[in-house]
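Chemist: Take the two lone chains and join them into the complex the hints point to.
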Amino acid sequence: GENVEQHPSTLSVQEGDSAVIKCTYSDSASNYFPWYKQELGKGPQLIIDIRSNVGEKKDQRIAVTLNKTAKHFSLHITETQPEDSAVYFCAASKAGANNLFFGTGTRLTVIP
Amino acid sequence: NAGVTQTPKFRVLKTGQSMTLLCAQDMNHEYMYWYRQDPGMGLRLIHYSVGEGTTAKGEVPDGYNVSRLKKQNFLLGLESAAPSQTSVYFCASRIAGVPDTQYFGPGTRLTVL
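Sequences listed follow chains A and B, in order. Residue 97 in the working numbering sits at position 47 of the first sequence, with consecutive numbering throughout. Residue 51 in the working numbering sits at position 30 of the second sequence, with consecutive numbering throughout.
Chain B with its partners taken away, still in its complex shape (with noise of 0.2 Å):
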């Protein structure tokens, strides 16, 4: 059982180049978030999923995009990166229904030159 975990560890982009991060989850959770954790901001959101094919906005959902075609993924799209989006991006899942505990995953650093 290795719970959530995420693809790649360390990432460097130019400024327009593109990317997909990628999370997966193998205890069947529902639910499938992506934050970005930035120094003295804390975790801030940017999309999440309730199930399977769908997906919703987060806090911080500029410049982002997301899919969750399987249950047990779900990725996080740069379609044009900019140095703003440098960040350590974090992946969570939970169990459907009422607020419970987030799983983490161990963490994508990513530098936008």
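Isolated chain A, as found in the complex (with noise of 0.2 Å):
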């Protein structure tokens, strides 16, 4: 089965700052991978996802990029503000299958 791997488990960034969170995937069908983030008390929320057949998708002050021959993608957020202070999750998933693999989360502290 798939298998995600998430770094960094913690990331702390001063407001203004940009952060990155990486997540590594083995199975190469893989062709979707969203983004969730988890604020405290409630459940997870899409933020972002991108398809195998582009490398990259911005919106706003959120980008994630797509590596497929490395088999990584990445979660970008510029100029932070303490309100994306969260917990995020990677998830991988590919055509035929009916669930997500989620990495193990990161949580991100933005310091005012």
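Possibly wrong hints are sitting among the right ones.
[Said to hold, decoys possible] Just a sample of chain B residues kept apart from chain A, beta carbon distances all over 12 Å, derived:
1) 33
2) 61
3) 64
4) 74
5) 83
6) 91
7) 93
8) 98
9) 101
10) 104
11) 123
[Unchecked claim] Below are the BS3-like pairs computed for lysine-lysine, each with C-alpha atoms no more than 30 Å apart in a straight line:
12) A/87 <-> B/30
13) A/92 <-> A/108
14) B/91 <-> A/72
15) A/87 <-> A/107
16) A/144 <-> B/78
17) A/107 <-> A/121
18) B/91 <-> A/144
[Stated by the list, open to error] Sample of chain B residues facing chain A (criterion: CB under 7 Å; computed from the structure):
19) 29
20) 66
21) 69
22) 71
23) 72
24) 111
25) 117
26) 122
27) 125
28) 126
29) 128
Don't read these hints as lab results, they were simulated from the structure. Yeah, the Cβ is synthetic: ideal placement off N, Cα and C, and Gly gets one too.
Modeler: Okay, structure coming up:
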């Protein structure tokens, strides 16, 4: 099955700086890579996703990059704000699979 | 449109007791999932369903049972609770077909003493 590894497990940045979270996956057939944000006491919520037919996708301050050859993808948050503080999960899936395989999460703290 | 709701929000059980967690979605999604979340271990899939009347095992199914009698509801049962089942449980749903967004509920915090 798929194995998704996520690094770092914790990340602290100053407000205004950028944050990068990296994930690797093992199944070369995986073609869907979402990122979820989980705020304290809430369920995960999708913030951005990318499919394997593109290498990068942006949505305002958030971007995701995908390197299929190396089997890794990354979340980039620019101009971080205190409200970006949360746990972020990456995941991977493929056509024909019924479920997502999640990384173990990164706790991001943005220091005002 | 409430999305995905979970009942109850909190529960404390004694070892050996049973309980059922209810998940409901109003988005007409075919697929529904139950996950547990433990510190440092991310989200682990317990059971899932790809349609009314169908269920399948996930990564950590032991000690749990599920039922999907109605499309909008997915029930997770613990027949004889154990302290190892202390966790936060999340339900999620999504449309059928190609891999796509899963929508999560707010979670149920379960403590087994």
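Chemist: Tell me, which hint numbers fail for this structure?
Modeler: 2, 3, 11, 14, 19, 23, 25
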